[in-house]
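J.: The task is simple: from the sequences and hints, build the whole structure.
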Amino acid sequence: MTIIDELGKASAKAQHLPAPITSASRMQSNRHVMYILKDTSARPAGKGAIVGFLKVGYKKLFVLDDREAHNEVEPLCILDFYIHESLQRHGHGRELFQHMLQKERVEPHQLAIDRPSQKLLKFLNKHYNLETTVPQVNNFVIFEGFFAHQHRPPATSLRATRRSRAAAVDPVPAEGHGGPRWPGWDHSTAPESQGGLTAPT
1 MTIIDELGKA
11 SAKAQHLPAP
21 ITSASRMQSN
31 RHVMYILKDT
41 SARPAGKGAI
51 VGFLKVGYKK
61 LFVLDDREAH
71 NEVEPLCILD
81 FYIHESLQRH
91 GHGRELFQHM
101 LQKERVEPHQ
111 LAIDRPSQKL
121 LKFLNKHYNL
131 ETTVPQVNNF
141 VIFEGFFAHQ
151 HRPPATSLRA
161 TRRSRAAAVD
171 PVPAEGHGGP
181 RWPGWDHSTA
191 PESQGGLTAP
201 T
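The sequence shown begins at 1 in UniProt numbering and counts up by one.
Hints may be right or wrong, so weigh each one.
Here are the simulated lysine to aspartate or glutamate pairs, EDC-like style, with alpha carbons at most 20 Å apart [said to hold, decoys possible]:
hint, residue 1, residue 2
1, Lys13, Asp114
2, Lys59, Glu104
3, Lys119, Glu85
4, Lys60, Glu74
5, Lys119, Glu95
6, Lys60, Glu107
7, Lys60, Glu104
8, Lys60, Asp114
9, Lys38, Glu85
10, Lys103, Glu74
11, Lys60, Glu72
12, Lys9, Glu85
13, Lys13, Glu85
14, Lys59, Glu74
15, Lys126, Glu107
16, Lys122, Glu144
17, Lys59, Glu72
18, Lys59, Asp114
19, Lys38, Glu95
20, Lys126, Glu95
21, Lys59, Glu107
22, Lys126, Asp114
23, Lys122, Glu107
24, Lys126, Glu74
25, Lys119, Glu131
26, Lys9, Glu74
27, Lys38, Glu6
No lab work stands behind these hints: they were computed from the structure.
T.: So, in structure tokens, the structure goes:
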């Protein structure tokens, strides 16, 4: 079992899901991007620690606007988001989310969120002032302003070659925390080498 699988299991447990929605096999079969936050200060015997992850990907959706008209869009979607319980409320979630926004060149209100938990909705409200949602008939949540400045997905030629990948993000060291350690994984190895994933260039 890879670290991707372990992270997926931890996220599913935290969200009370019946089964993980993130795994190495799913990452290999979908063009998703997984940002992994790693605490490089936790290095007993030269090994680091994983703080959490954020998985995103473009999806074709039919969504309703504020006039209840159907629109076919392909927004960047938040698919899974998890920070280890022992390291929450230390700013790691915002750091990871902000890094993703910068790398993907997207604004928070342009995102679609797949089945967000109440904790995630509170997070988005606190850090990005996202509060008013546009009611939908599917599992995705979009916010006011989604249609005003819709983010363009990568060109078709790029999407066709856009492989699933894991990107390692090294955070500011957490005070008083060494970070969680998942068994069976060499934490001195970069996450992108696990599960056949490749890092972005």
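J.: Could you tell me which of the numbered hints above are not met by this structure, giving the numbers in increasing order?
T.: Violated hints: 24 and 26; rest satisfied.
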